[in-house]
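Q: Sequence:
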Amino acid sequence: PCRTMASAPPAPARPSRRAAPRNAPRGSLRARPPKGPPRRTRPSASVSDELFEWLQTERGPLYRNDAVALSQSSQGAPKLVAARDLSAGELAFTVPWRLTITLERVLEDGTLAELLTTNKLSELSVLALYLCYEKMLGKSSFWSPVLRLIDARRAKGPEEVESPLLWSDEELAWLSGSPMQRIIEERRAGIKQEYEELDTIWYMAGSLFDKYPYDLPTQQFNFKTFLGAFAAVQSSVVHLQGVGTSRRFALCPLAPPLARWDPRSRAMMRGKCAPGADDGVDSDAGDAPRRGPPPPPAMECAAPGVSYIVDREVKAGEPISVWCGPQPNSKLLLNYGIVDDLNPHDRLAICIQLNPDDPLFQAKRLAVQEELGLGSSSEFQLFRDASEPWSPTLLPFLRIAMSADHGELSACYENAAADEISEGNERRARAALARYASSKLQAYPTTMLEDDDIAADESQPLKRRLVARLVRIEKATLSRVASLIDGCDEVELPEYTPRINAA
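Every letter in the sequence shown is one number past the one before it in full-length UniProt numbering, and letter 178, counting from 1, is 178.
If you are wondering where the hints come from, they were derived from the structure by calculation, not from laboratory data.
Bear in mind that the values here come from a model prediction, so they are computed numbers and not experimental data.
There's no promise every hint is true.
Quick list of in silico lysine to aspartate or glutamate cross-link-like pairs, DMTMM-like style, CA-CA up to 20 Å [said to hold, decoys possible]:
1) Lys331 with Glu458
2) Lys331 with Glu371
3) Lys315 with Asp169
4) Lys224 with Glu194
5) Lys331 with Glu313
6) Lys224 with Asp169
7) Lys224 with Glu300
8) Lys224 with Glu171
9) Lys463 with Asp262
10) Lys315 with Glu458
11) Lys224 with Glu186
12) Lys331 with Glu379
Let the sequences and hints guide you as you build the complete structure.
A: Set out below in structure tokens:
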């Protein structure tokens with residue numbers, strides 16, 4: 001069954017919110033952190049119904065009531081769908097700023113610039129910390145319906161897989177051989193560093209915490225709790241186009257997790273400020289640079305807030321999809337729990353570093369800088385489906401790196417982007433790339449055929465099947481590279497061979 005915005009019954013009056021003083025006495029006012037991991041609550045109709053009732057009560061005149069509806073099935077999570085046929089370029093809905101959680105809304109004063117210039121805390125961490133404290137207010141929080149939905153989803157994406165940031169060590173072991181394992185570990189380490197800076201932010205941004213009679217962040221929330229909040233924010237936050245820094249990242253009630261992330265959609269959530277940006281919400285937006293492409297014509301009639309512009313013809317009942325940007329599958333999995341088998345933006349990043357022990361190191365470093373505009377350590381991309389299997393500067397870089405003497409290096413200077421290179425140099429350059437691709441393929445514990453079997457086996461956990469699809473795509477990319485330079489494996493590589501690693 002579907003419920004449109006117009007059909008939602010009036011919500012009961014929400015309790016007034018009173019901020020307890022900062023120096024509130026210890027005792028009943030001081031909440032204690034929950035013991036053990038948070039319970040995994042399954043999204044129910046009541047959670048999404050409560051959100052729609054809240055929107056019905058709070059929204060004012062800014063919504064298009066007939067454009068979207070809530071679809072709730074007996075199994076699975078609630079989702080936002082088209083309530084009627086929608087046309088490409090149509091303004092489907094606008095959520096006012098007062099119902100959208102942004103950094104500006106969180107901080108409420110001029111501490112934003114100081115907070116972000118510390119380079120110690122990201123926007124997502126600020127939002128995650130804010131939600132942690134708001135959740136402790138329970139029903140008295142203005143954002144309670146939004147928080148309940150986000151909490152119920154447990155950072156799950158459209159494929160019902162939670163963020164790999166929350167996976168167990170046993171589940172991460174399924175990624176053996178994949179660069180994703182290292183990417184997730186590094187991301188966790190970065191979040192841990194931000195967690196350890198939370199107490200500093202407590203003192204810097206007083207307006208953020210004055211209303212909470214609780215302990216300092218690291219005393220109130222353990223890292224596991226904060227990591228869960230961070231993953232939930234990361235999977236739900238939208239990167240708005242057309243607004244300043246303080247509103248660039250937003251948690252919007254009608255964005256994911258109700259809407260669906262789609263790497264092949266072109267529908268974006270866009271922000272619009274009041275004329276002159278003097279609306280008491282974003283005082284700095286007027287002078288901030290506007291990001292992204294110019295706004296579509298439908299934005300001219302949009303009210304101030306977060307708007308959704310349809311990118312194609314959408315039939316009634318189809319899910320509302322939001323573009324998540326041109327990201328490879330590694331980023332899609334990390335941020336949204338998605339793997340797209342036909343992702344046109346998918347790629348594997350590698351880093352090639354000139355060997356510092358090479359007698360020609362300085363000459364080669366100068367050559368890659370002058371001829372290619374690159375440094376001695378540079379990143380390149382490998383592609384599975386693109387017309388070219390790798391970045392256009394990859395082989396020219398390797399030709400320079402594999403030059404045996406000044407004569408071969410001079411030829412690279414004159415023809416760095418051409419094929420008129422000595423046969424020995426060309427074979428060494430291709431052999432270095434082939435050797436890397438072959439070694440990476442051998443590092444995976446499963447074959448491509450085994451990955452196909454796991455991905456098709458419905459008895460396997462969803463995470464396991466998702467991992468099988470991801471590593472299958474990675475192996476297909478590496479196999480393409482290896483097949484295009486077949487025959488170079490037997491070339492003996494010199495001691496000055498550059499270092500090639502996953503980026």
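Q: Would you list, in rising numerical order, the hints stated earlier that this structure does not obey?
A: 1, 2, 3, 5, 7, 10
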